[in-house]
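Student: The primary structure of each chain is shown beneath.
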Amino acid sequence: MTFESDAQLQAEISLLFSQYAACIDNDRLEKWPEFFVEQCFYKIQSRENHDRKLPISAMECDSKNMLVDRIVSLREANIFAEHMYRHIISIPLILSKSENEIATQTNYLVISTLQSGISHIFSAGRYQDRLVRIDGQLKFVERIVIFDTNSIRTQIVTPI
Amino acid sequence: MTFESDAQLQAEISLLFSQYAACIDNDRLEKWPEFFVEQCFYKIQSRENHDRKLPISAMECDSKNMLVDRIVSLREANIFAEHMYRHIISIPLILSKSENEIATQTNYLVISTLQSGISHIFSAGRYQDRLVRIDGQLKFVERIVIFDTNSIRTQIVTPI
Amino acid sequence: MTFESDAQLQAEISLLFSQYAACIDNDRLEKWPEFFVEQCFYKIQSRENHDRKLPISAMECDSKNMLVDRIVSLREANIFAEHMYRHIISIPLILSKSENEIATQTNYLVISTLQSGISHIFSAGRYQDRLVRIDGQLKFVERIVIFDTNSIRTQIVTPI
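Protein chains in written order, with the numbering used here: chain A, 35 to 194; chain B, 35 to 194; chain C, 35 to 194.
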């Protein structure tokens, strides 16, 4: 692994993560499944349950179709308090890379602002990701959101 | 657009954004206008007003001279509660680039610490930027600060 | 300094900082001293004391051995409230680089989550770092943590 290719790969991963965050924060959720491959895995789970390998999670989808369904039902239900998300992404950490796949881990912070105008910490935690390059574009094979913040004021409805 | 040039450009933009944040956080506000070209536009506006294209903003300057004036009057007035800003900048998203101009969008979080020593979320939101390169140095033609946090404990006096 | 080498160096520094944060956040504190050279300096100090050049600090170690001792006693004492840290690192700012040493300054935010599950701002501030490359790997000669957040709910026991 040369430094040059590292810098390139980091630029690519950074672009992907900032596009992902902007997609959610700008409420273009219908575009969100496009960040994943067809046979993907997406899970939001508490750090406690993750560390103990317990099955209970706040959200779990094992295909891109399920991600699409998730957004459809979210739009239809729409009974939750209106809020805005704002993702602050720390520096991505590349854990490993092979010819086919890149594994990364990245700390995140999601700030939520309700209609009152007050911003609070909605979720702090880390992403554990597996990425592949398809037609020149990085996509998620797996994104596991492991959150520290177990006590939240609103439900986890939208993806993180 | 090659990956190599992407990595270089991202390094340049990252440098600019971290210098900009350090300038404000270290209270060297007199240097702040230097990040802009002469004919620039700087605005701080709520997301609500921005989305509805309403004119009301928390701060608006349409030239570098106005930015300079802003800092002069801020130093003279000085009637607001003493506070420290700390900018946490998420990954910059390059939206487009031409030969002359780069458009970016970047999430930010500003933590404010008052003399009590308590830190709180002062502002969460995003930058919408237009950048040009002048004499080898990136400068802002336009920086629009669109904040989610509508309910704040202190006035927006210093730039974000 | 060419843009290319800038991008490479920034990728290296970013990797170091994300590994450092992951080491602490994942509670692998025994690995933490490995980020430093033998003759290193590590200090956690309030911005107020730092600016006034006052000697009092929350933590101060002037060798790698002292860092090791610090972790040993932290593990043995273990009388503080259980908590999780989550570092959100802003964009590193390279201040200077010579053949032997790189000086950087980087804003950070540490979110702490107690057993209640509530996340709060534990510390906001900046790192002031001096780095050297040893056997191809960047290491800290000096890391000074200068925190804004003077009023904290729990003691500073673990490194930041």
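No wet-lab data here; the hints were simulated from the structure.
Errors might be hidden in some of the hints.
The list treats identical chains as one, so a pair stands whether inside a single copy or across any two.
[As the list claims (entries may be wrong)] Derived lysine-lysine pairs resembling DSS-like cross-links, with alpha carbons at most 27 Å apart:
#1 173 to 131
#2 173 to 77
#3 87 to 65
Student: Could you run down the list of hints and mark each one as holding or not?
Tutor: Quick rundown of the hints versus the structure:
| no. | hint | verdict |
| --- | --- | --- |
| 1 | 173 to 131 | both (14 Å within a copy, 23 Å between copies) |
| 2 | 173 to 77 | within (16 Å within a copy, 35 Å between copies) |
| 3 | 87 to 65 | between (31 Å within a copy, 24 Å between copies) |
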